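All chains, please: the whole structure from these sequences, using the hints.
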Amino acid sequence: GDSVTQMEGPVTLSEEAFLTINCTYTATGYPSLFWYVQYPGEGLQLLLKATKADDKGSNKGFEATYRKETTSFHLEKGSVQVSDSAVYFCALSGSGGYNKLIFGAGTRLAVHP
Amino acid sequence: DTAVSQTPKYLVTQMGNDKSIKCEQNLGHDTMYWYKQDSKKFLKIMFSYNNKELIINETVPNRFSPKSPDKAHLNLHINSLELGDSAVYFCASSQDAGYQPQHFGDGTRLSIL
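Chains as they are written, first to last, in this note's numbering: chain A, 1 to 113; chain B, 114 to 226.
Source of the hints: derived by calculation from the structure; they are not laboratory data.
Errors might be hidden in some of the hints.
[To be verified] Computed cross-link-like contacts, DSSO-like style, restricted to lysine-lysine with a CA-CA straight-line distance of at most 30 Å:
#	chain 1	residue 1	chain 2	residue 2
1	A	77	B	153
2	B	132	B	157
3	A	52	B	149
[What the hints assert, rightly or not] Take a look, some chain A residues computed to stay more than 12 Å from chain B by CB distance:
#	residue
4	13
5	48
6	72
7	77
[As the list claims (entries may be wrong)] Rough simulated footprint, nothing fancy, chain B against chain A, three-plus residues with beta-carbon under 8 Å:
#	stretch
8	84-93
9	99-107
Only a predicted model underlies this, so the values are computations on that prediction, with no experimental measurement involved.
Even glycine gets a Cβ: it sits at the ideal position worked out from N, Cα and C.
Right, dumping it as structure tokens:
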């Protein structure tokens, strides 16, 4: 079945460091790919998305490129802030029909001053 | 202004009880979802309704019964609560059942004593 694999956390960085969170997927067809972010005590917020191969999603300084050849959608940010501390979820949908999000296990990011 | 709102935010109850969680969205979306997030933050879809019709029903015990009185509301009723039902339950909505981004509520933390 379809699945998403994320790097295990926690990831601990100093402010202004470069961030990469790896995400790879297995899916039939051509899924859409998403990154969601969950701040403490809150629901999930869509961070960025890409709907087809080579698309780049970007938002708030975060970027991810849909790489079909490597089935990857790695999240990057050039300079993280303390306020970026959260749990990040990679997800796919659209494989096999309905808009069912299949999530990775989540990666906790902690940024310290 | 809240786009997807869930009530209650916290629910503490005894094993064996029956409880309901309500969800409402004011985005005019056609499709709504319930997800379960376990203690390790893993998220899994439970149900989805499109225009009040059930379209996704994952392998969920039949003690869980979703009800959609109209397309803006999707409630979750749980009978005979068990310890393993302790989790955070998230409601979400999307414009339609296609591959659209989903908007999440803040979650309901259910704790079974």
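Status of the hints after comparison with the structure:
A C-alpha spacing of about 25 Å is found between residue 77 of chain A and residue 153 of chain B, which places the hinted pair at or below 30 Å, so the restraint holds. Restraint check for residue 132 of chain B and residue 157 of chain B: satisfied, since their Cα atoms lie roughly 20 Å apart, inside the 30 Å limit. Straight-line distance between C-alpha atoms of residue 52 of chain A and residue 149 of chain B comes to about 28 Å, which keeps the hinted pair within the 30 Å bound. With 12 Å as the threshold on Cβ separation, the claim that residue 13 of chain A sits away from chain B holds: the shortest Cβ distance comes to roughly 19 Å.
Distance check for residue 48 of chain A against chain B: the nearest CB is about 10 Å away, which does not clear 12 Å, and the non-interface claim fails. No beta-carbon of chain B comes within 12 Å of the beta-carbon of residue 72 of chain A; the shortest separation is about 19 Å. The non-interface label for residue 77 of chain A is consistent with chain B: the shortest C-beta to C-beta separation is roughly 20 Å, beyond 12 Å. Residues of the stretch 84-93 of chain A with a Cβ under 8 Å from some Cβ of chain B number 3, which satisfies the need for three, so the listed coverage holds.
Judged by the Cβ-Cβ criterion of 8 Å, the stretch 99-107 of chain A is covered by chain B as claimed, because 7 of its residues qualify and three suffice.
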